[in-house]
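Chemist: The lines below spell out each chain.
2 protein chains.
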Amino acid sequence: MAAMWMGNHATFDTYLENGDVAFSAGRLGIKRDGDDAALFVFSEHATYAGVFTTNVFKSACVTSAMDRLRAQKKIKAVLITSGNANAGTGPAGRADTERLAAGVAGHVGCAADEVVVLHTGVIGVPLRAERWLGGLEGLCQLAASTPEKLADAARAMMTTDTFPKVSARAFQVGDTSYTVWGVAKGAGMIHPKLATMLSVLVTDAPISQRTLQRVLSRVVGQTFNRISVDGDTSPNDSVLLFSTGGARMEAGTAAFCGAKGTGVSGTDDGEVDEPLFEDALRGVAQDLAHSIVRDGEGATKFLEIVVRGAQSEADAERIAETIATSPLVKTAFFGEDFNPGRIISAIGRAGVAVSFDRMRLTLGDQRVYDAGQFLVTAESDARRVMAMKEIPVVVELGASEVEIRYWTCDLTFDYVKINAEYTT
Amino acid sequence: MAAMWMGNHATFDTYLENGDVAFSAGRLGIKRDGDDAALFVFSEHATYAGVFTTNVFKSACVTSAMDRLRAQKKIKAVLITSGNANAGTGPAGRADTERLAAGVAGHVGCAADEVVVLHTGVIGVPLRAERWLGGLEGLCQLAASTPEKLADAARAMMTTDTFPKVSARAFQVGDTSYTVWGVAKGAGMIHPKLATMLSVLVTDAPISQRTLQRVLSRVVGQTFNRISVDGDTSPNDSVLLFSTGGARMEAGTAAFCGAKGTGVSGTDDGEVDEPLFEDALRGVAQDLAHSIVRDGEGATKFLEIVVRGAQSEADAERIAETIATSPLVKTAFFGEDFNPGRIISAIGRAGVAVSFDRMRLTLGDQRVYDAGQFLVTAESDARRVMAMKEIPVVVELGASEVEIRYWTCDLTFDYVKINAEYTT
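Respectively, the protein sequence lines represent chains A and B. Start counting the first sequence at 1; every next residue gets the next number (the UniProt record's numbering). Start counting the second sequence at 1; every next residue gets the next number (the UniProt record's numbering).
There could be a bad hint or two in this list.
Label pairs and their calculated CB-CB ranges [as the list claims (entries may be wrong)]:
hint, chain 1, residue 1, chain 2, residue 2, range
1, B, R70, A, G351, 21 to 27 Å
2, B, R70, A, P392, 39 to 45 Å
3, A, E148, B, R405, 53 to 59 Å
Reference listing, derived: stretches of chain A covered by chain B, where coverage requires no fewer than 3 residues with Cβ under 8 Å from a Cβ of chain B [stated by the list, open to error]:
hint, region
4, 88-96
5, 211-225
6, 332-344
Lysine to aspartate or glutamate pairs mimicking DMTMM-like chemistry, simulated, CA-CA at most 20 Å apart [as the list claims (entries may be wrong)]:
hint, chain 1, residue 1, chain 2, residue 2
7, B, K389, B, D370
8, B, K417, A, D337
9, A, K417, B, D337
No lab work stands behind these hints, which were simulated from the structure alone. The model shown is predicted, which means the values in this text are computed figures rather than measured ones. We treat Cβ as the ideally placed atom computed from N, Cα and C, and that holds for glycine.
Extracted from the complex, chain A is given alone in its bound form (with noise of 0.2 Å):
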């Protein structure tokens, strides 16, 4: 389990054990072999946030996951299956991921649309819900608070992915300490795949449903927002946010939420200071995001955009997507090609007003452009910087103070590999 998990959490496993959330793992029958569903259950209802895909080709556990957040419900349990995305079956793909929720509810005690729903795999091919609804029960039961629950249940939702993804943080208001932790998973595929992107984040912090919602837009905004593996958005892109403390405070059981009457960071209504919660939560957020790209697929190298300087930090996002996004780019991090020109080339495509009279671009330790001039690079240097696994780019336009970090990874013949092959 220590080597599964990233963060700052020395005592994560005993925050488990205290029975805040149980977890499950198993298997309902829709992938062809293996664990197909992941169950996250909370003791007491929590608190809800989220962020959903931008496409508006939504699937429809994004739908009925974004109607429950509007109605801001507390929720109970997310179930998570993967091996079928429900994407593009119309109505009756909307009734699936209802009889799913309903079936969960059934068996933890609580209402249906107390339950989220996500699911990811394959797109346009009827889920058939009633032919999984056996398994549900013994998922149910078996749902545990222990770190190998946990561990099971962040493998249940992987795919492609070659890794579990789970991170943690710990901080403390006044005598309190408290827990933000998340699991992910990243571009995986099923028969056909999309690089789907899902996320679960839970917080004992008492922290109200407005907040929660502001905070998690802010964090997705700097680090899922700011990735890229290859510039593809899935119907299913979901990352959710639940706050066990924040239902308990709304309830007035006060018992676990420390921060109140403290005095110390917490506000009047007895929600935690919320730069210290967002702190926390952008660490995890940001952990997992960068799990996200070292395991793209096929993806060998590491790289780390820096935009300084733009005008906006608008145009310091395009002209970092726009980099991150250039196959020319990938390919030569990918061949260890020493390349500033593919580089300087993404910037003056991204659509964005740029001196390049004052703009500099360093790569690793190698400053490589400066004030409308490529400078010499030793053949050996470039060697060098093209050798490292993460290699740092760093732009800087000297027109402001904004800046700004995104992250992606190259392009490989394993991208393609994995992409371009029937694989049923």
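Position chain B relative to chain A; hints supplied.
Modeler: Relative to chain A, chain B alone:
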């Protein structure tokens, strides 16, 4: 020669021998070996129009060619060199381009700003033109108006292109037959390379500079701007259009200007009928654009994307471009993996309002999506469609009569190989 050129011009060789343009190919020494210079010399000065890369990072040759266009110069010769893009080279780079122009001008007898020079090749390396001036005299002296010389020039423009690209069309105005022809180079690799596209188009039809520029901009929008190999643009992309008849018309030498005075399809000032010319030019430009895609790095499939019924032409272009640049769509075609979900998903993230309930998608002869639902395709039909070398992808949105076409190729192992390998 017959095998080399496309188009409907039965007497193209005869046209060439008329001597309106002379061609030459030779070696200046910029590349390690082989011809690296192509020359086009007009018997009299030609009217000139041009469309250039939208990349804000522009080669010195592009700014030089744009200056001549702005000054409405009549052009005597075009020099294209390969091996060095002369981009990111500052003021010294611009001086290098002008030095080559002056060199050609001295040998063909015109002013330096009546010569257009284009470069393609490595970015960010000083060109140091003084080293290459020696080869210009022989290049200019050997120019001749033969099909063999045209073939040599088209070949000297190539980098990793696997075949030279020439197309010609004839069109009739009254009793007079006019010609439009052109050459192009596509995605070619010099270390390091960009998906550089250069094209020179020529007509003997009498057309004013204004009309020439207007028609060129429209035609490029429908041809060269509707192809994608990898979504990258270079600092050097240029399409130049010359009318030898236009300059004669303006000079009042009506001998060559058959349309004048016949009253058939000619305008008052002796220009040929614009739609007739535009059709012929579009045919030539489309031939060349298609051949660039067919010769795309590593390509094994040619995809024609038709988008019909979008709310506007701009919306249709965005949808087509999103499909054409999706790595998931392009690798699926390479793998002959029948995967309509990836195309629907690309449409969904194009950033355009689309009603999926009204949408239809057809691959080859198979309707695969209709009114919000994927249709079942027999496996034998799916295999047959994916085995085709040229696959039509038709998206019908039902919101208008607008229709656009867009061309692309698949993403293959060889694309990654060509662009990842260190070639020096």
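Chemist: Going straight from one Cα to the other, do K417 of chain B and D337 of chain A come out at no more than 20 Å?
Modeler: 12 Å, holds
Chemist: Indicate whether the distance between the beta carbons of R70 of chain B and P392 of chain A respects the range 39 to 45 Å.
Modeler: Taking Cβ atoms as reference, R70 of chain B and P392 of chain A lie about 41 Å apart, which means the hint holds.
Chemist: Given the hint of 53 to 59 Å, is the C-beta distance from E148 of chain A to R405 of chain B inside that range or not?
Modeler: 56 Å, holds
Chemist: How does the coverage statement for the region 88-96 of chain A fare against chain B, requiring three or more residues with Cβ below 8 Å from a Cβ of that chain?
Modeler: holds (count 3)
Chemist: Tell me if the beta carbons of R70 of chain B and G351 of chain A are separated by a distance inside 21 to 27 Å.
Modeler: 23 Å, holds
Chemist: Between K417 of chain A and D337 of chain B, is the straight-line Cα distance small enough, at 20 Å or below?
Modeler: Holds, at roughly 12 Å.
Chemist: Are three or more residues of the region 332-344 of chain A within 8 Å, CB to CB, of chain B?
Modeler: holds (count 10)
Chemist: Starting from K389 of chain B, check that the Cα of D370 of chain B is at most 20 Å away, please.
Modeler: 25 Å, violated
Chemist: Against chain B, does the region 211-225 of chain A show at least 3 residues with beta-carbon separation below 8 Å?
Modeler: violated (count 0)
In this structure, the hints that do not hold are numbers 5, 7, in rising order.
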